[in-house]
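Trainee: Read off the chains here:
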Amino acid sequence: MPYTTIAQLSQGLKNGTFSSRELTQDVIADIKARDHLYNSFITLSEEQALAQADVADQRIAAGEAAPMTGVPIAHKDLFCTQGVRTTAASKILENFVPPYNSTVSQLFVDAGAVSVGKTNLDEFAMGSSNEHSFFGTVKNPWKLDAVPGGSSGGSAAAVAAGLITGATGTDTGGSIRQPAAFCNLTGIKPTYGRVSRFGIIAYASSLDQAGPMTRTAEDAAMMMNVMAQFDPQDSTSMQMATPDYTTSLNDSLAGLKIGLPKEFFEAGLNPQVAAATMNAIKQYEAMGAELVDISLPNLQLCIPAYYVIAPSEASSNLSRYDGARYGYRCQDPVDLMDMYCRTRAEGFGEEVKNRIMVGTYALSEGFYDAYYLKAQRIRRLIKNDFVKAFQQVDVIMGPVTPSPAFDIGSKTSDPVAMYLEDIYTLAINLAGIPALSTPAGFVDGLPVGLHIMGDYFSEAKLLNVAHQLQQATDWHMQTPNSI
Amino acid sequence: MALDNADILNIAKLARLQVDASQVDNYASSISSILNLVDSMQQVDTDGIEPLANPLDAQQRLRADQVTASNKRDEYLAIAPKTEAGLFLVPKVIE
Amino acid sequence: MSWEIVIGLEIHVQLATQSKLFSGAKVGFGAEPNTQTTLVDLGMPGALPVFNEEALRLAVMFGTAIDAEIGKRSVFARKNYFYPDLPKGYQTSQMDDPIVGEGHIDIQMEDGTSKRIGVTRAHLEEDAGKSLHEDFDGMTGIDLNRSSTPLLEIVSEPDMRSAKEAVAYMRKMHAIVTTLGISDGNMAEGSMRCDANVSVRPKGQETLGTRAELKNINSFRFIERAINLEVQRQIDLIEDGGKVLQETRLYDAENNETRSMRSKEEANDYRYFPCPDLLPVIIDDDYIDSIRRTLPELPDQRRQRFINDYHLSEYDAGVLSSSRTMADYFEAVQAACEDAKLSANWVTGELAKYLNTNGVEIEVSPVSAAQLGLLLTRIKDDTISGKGAKTVFDELWNDQGEVDAIIDNKGLKQVSDMGAIEGMVDAVIANSPQQVKQYTEAEEAKRGKMLGYFMGQVMKASKGAANPGQVNGILKKKLDAMC
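Protein chains in written order, with the working numbering: chain A, 1 to 483; chain B, 1001 to 1095; chain C, 2001 to 2483.
The shape of chain A in the complex, shown without the other chains:
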């Protein structure tokens, strides 16, 4: 049953139109039949999924179902899943089967959702094209020789292809929003600290945040209701109540002040993407919203700040992959140094090694102040720009990416060119504010995303704003030709 929504499946399960087992079997059969086109899954967990489906069916029969009970979902293969291989798309964790769940995957288990498997990604979430995976490149369902975006490219492609109705992603510099934009999805990166990071394989700890990737804002709200919980196991998790994100979806947008930062519409933005984005934004005027020109003067600095902070934290976070306690160990190490150096050289891919080296350099003696500390000061300048903007407006809108999905292989030779594509997404992670991407039409048959950014912990407002656009337009209901 391709191209449905979580809300519809939830209703069907509740009404007894189908059981979770039937649904799960269909979903898995569909993935097996069609995923060779997309390569969106790394691991299918059929046995565990069916067991979870049976538990869900019992809960439904007992009248104890929660909204997500029995609904199949998939997890980006960065979330540790107990008893199910978790690879981070890296050779170094190729055979790693964690004996524990991430808090997010546990919350979905508790909610009765069924996890059918683990989706592909850029290795350790480092990339914006899903070309840096030990398990192969993922294809964009809208154009099979284009990238789906990254790093949550597998989740994006799987949902866009109708293989699954919802999947988790993580967003360190745009890794939920950019693939959502490239694949015509709703993807939200919550406020830093809103969703627990416990058990999610870390890339850059002060930037990483998990969120849902779905076709509709309503589905994203349903997943957020499960995911966005305080977690005492994560020191950076904020201790606050979770609102019901579905209840405010239909709030009126009359009087909403939408900020349009001029820096989001300057040179470098594809004119057709600019036109599509503005066209989507204009829809809000009809709903009574007001457009306000604003400025985020330090936006350009997000690229250098991000490409110092993220690799620095990554270089330290990835030191634990040393071949000693779990994961890959090189063959016949002659001594300890050899074990470390060969395990890591053989286990990590090139992009990961590049970033480890950059981060190691940026933190090394004599360079720390000029790189890491400098980047953190710039980070505050960027945050201050947003804080100031939100004194003026309720939400900020702009493009997610300068252009639609690019072709596979077209940017791999020049990592710096690829980094420049992240210009609109990085600043949000540096500031820690929530932001989402929602479908905003098409350019040459490829989807374009509308970027909606809000003040800290305004996820409910962002979902409300996206939902209202989805009520007024049908871009999000379009189907790619490949299915």
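Mixed in with the good hints, there may be bad ones.
Said to hold, decoys possible - Covered stretches of chain C, going by a simulated chain A footprint (3 or more residues, C-beta under 8 Å):
hint	segment
1	2038-2050
2	2073-2086
What the hints assert, rightly or not - Calculated cross-link-like contacts (lysine-lysine; reagent style DSSO-like; alpha-carbon spacing at most 27 Å):
hint	chain 1	residue 1	chain 2	residue 2
3	B	1082	B	1092
4	B	1013	A	91
5	B	1013	C	2079
6	B	1072	C	2026
7	C	2130	B	1072
8	B	1082	A	91
9	C	2130	C	2026
10	A	91	B	1072
11	C	2130	B	1092
12	C	2460	C	2446
13	C	2072	A	383
14	B	1082	C	2026
15	C	2410	C	2380
16	C	2215	B	1013
17	B	1082	C	2130
18	C	2215	B	1092
19	B	1013	C	2130
Calculated directly from the structure, the hints in this document are not laboratory data.
Quick reminder that beta carbons are idealized off the backbone N, C-alpha and C, glycines included.
Got chain A sorted already, so can you dock chains B and C onto it with the hints?
Mentor: Leaving out everything else, chains B and C in the frame of chain A:
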């Protein structure tokens, strides 16, 4: 900022990454190009700006001093590359 | 040339918490390998640290006890290096913003003088695991039970000028931490360890010489020996025209030498940066004051009280206040026999001798303070002689038992009955006409010496049970009357 081959080998050693002689030039150019990209921030005046480590400027929450974990050694050792007598084994460490 | 020795100590104190610094694993010595570990202590992917409030309290308590500045904003930093007993590839420690800033303690030397030693800082950090070098097919075994155990690293100023001062400093620190109860201070189990930075310079020179760091010294005795060995090595080296290298050296107790640890020298660029998984620890004056109010009587205060209230010598007061258990023991003996001087003599004399000879800590002394107190009471009430008491003490030490029962069984009770003693004295005088004659004819000044013979005879007649003081008095009175 351009890195030379000696820099690359030094960084690789700190990061415990084996780099073959044939790869050094590649790393030098790709890492140098990333450093060039980030060097633009050196022009920015950040005097008096506090570094931002956590976007919320939040403070540490404290955990009660309670033993909450049970012994799961067998589960952990089961996924280790090499073990014996309840220990993780690694190539000989010389002090 | 005459040389000045400069010593600074870094003392690692294991804090007496139930659980680890960043996880809910049990802290404890001697468990089966790797049974006291969690995902966090093993550095598993996605595991995150949460700070233990008790470790904070104990660290602040230490700071208030040494009159130190307390860091109201302390920050955990990562110290990055690869080692198999360091599972994450970094040690979580504190660098720029430690919990305890500058403070000081006073040490007392044997000649009764006092010296103030500066404490630069004390910071919280996690311990590493242990590498076991027994041969496992030519490999090293790693036990991570100790991983993430809370440590307070106390760094002194280079204020010490001899090995003896270093020992006195270490002993005073030991007394402080055990009095505070923030650590069990057990050096054999590694709860208190010390690294010594040692350098020498020609007397009168301002600048410091190059220092060597002696690692992991685990007993008071070894501190003195290791430092003296290292000092001699450095002086010999310089006098032979050589140069001291800045390096880490290991004290080898078996071969009584210090030797270079090259393995520790290789990676000395630790790339410190604030740990993004932990947030700044913020405390206020109320919190600090609330802890300050719970401070127990500190060793220096107790020493002063021993001098003031019990009129002990500086030296005895210093020895008896050198550890909490020693001081508690002394005070319990004192309370039982109500004689401070006698108690001090026995605790620093007979008891100390037995403890040293047998290598037993006072905590587990086979002779309890109550038993010793009762024994001293029996000296005071003339039940036994001091010599008899030593016999009882030996019996208590070796075979336990009860003080009065031992006195009875061994027939150690003194005869204090005047009539009985007079009878024995009369008999001895009657049986020793020759000696009586000599006594009565001798000059008065020489009689004292001659009394010894009669004393011996009476004591022999009483089988040692007569109270020597009484015998002496009666003999003297009777013999002098005959002159």
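Trainee: Verify the proposed pairing of residue 2410 (chain C) with residue 2380 (chain C), using a straight-line Cα cut of 27 Å.
Mentor: holds (19 Å)
Trainee: If you draw a straight line from the CA of residue 1013 (chain B) to the CA of residue 91 (chain A), is it 27 Å or shorter?
Mentor: holds (21 Å)
Trainee: Below or equal to 27 Å on CA atoms is what counts here, so check residue 91 (chain A) against residue 1072 (chain B).
Mentor: holds (26 Å)
Trainee: Assess, step by step, whether the Cα of residue 1072 (chain B) is no farther than 27 Å from the Cα of residue 2026 (chain C), and give holds or violated.
Mentor: Answer holds: residue 1072 (chain B) to residue 2026 (chain C) is near 12 Å, not above 27 Å.
Trainee: Does residue 1082 (chain B) pair with residue 91 (chain A) here, judged by a C-alpha cut-off of 27 Å?
Mentor: holds (18 Å)
Trainee: Does the alpha-carbon distance linking residue 2215 (chain C) and residue 1092 (chain B) stay inside the 27 Å limit?
Mentor: Holds, at roughly 21 Å.
Trainee: Mind checking, does the segment 2073-2086 of chain C have 3 or more residues with a CB under 8 Å from chain A?
Mentor: holds (count 4)
Trainee: Against chain A, does the segment 2038-2050 of chain C show at least 3 residues with beta-carbon separation below 8 Å?
Mentor: Since 10 is at least three, the answer is holds.
Trainee: Regarding the pair residue 2072 (chain C) and residue 383 (chain A), is the alpha-carbon distance no greater than 27 Å?
Mentor: Distance ~25 Å between residue 2072 (chain C) and residue 383 (chain A) Cα, so the pair holds.
Trainee: Sort out whether residue 2130 (chain C) lies within 27 Å of residue 1082 (chain B), counting only the CA atoms.
Mentor: Holds: residue 1082 (chain B) and residue 2130 (chain C) sit about 17 Å apart, inside 27 Å.
Trainee: Assess, step by step, whether the Cα of residue 2130 (chain C) is no farther than 27 Å from the Cα of residue 2026 (chain C), and give holds or violated.
Mentor: With Cα atoms ~16 Å apart, residue 2130 (chain C) and residue 2026 (chain C) stay inside 27 Å; holds.
Trainee: For residue 2215 (chain C) and residue 1013 (chain B), compute the direct alpha-carbon distance and say whether it is at most 27 Å.
Mentor: holds (25 Å)
When each numbered hint is compared with the structure, no violation occurs for any of them.
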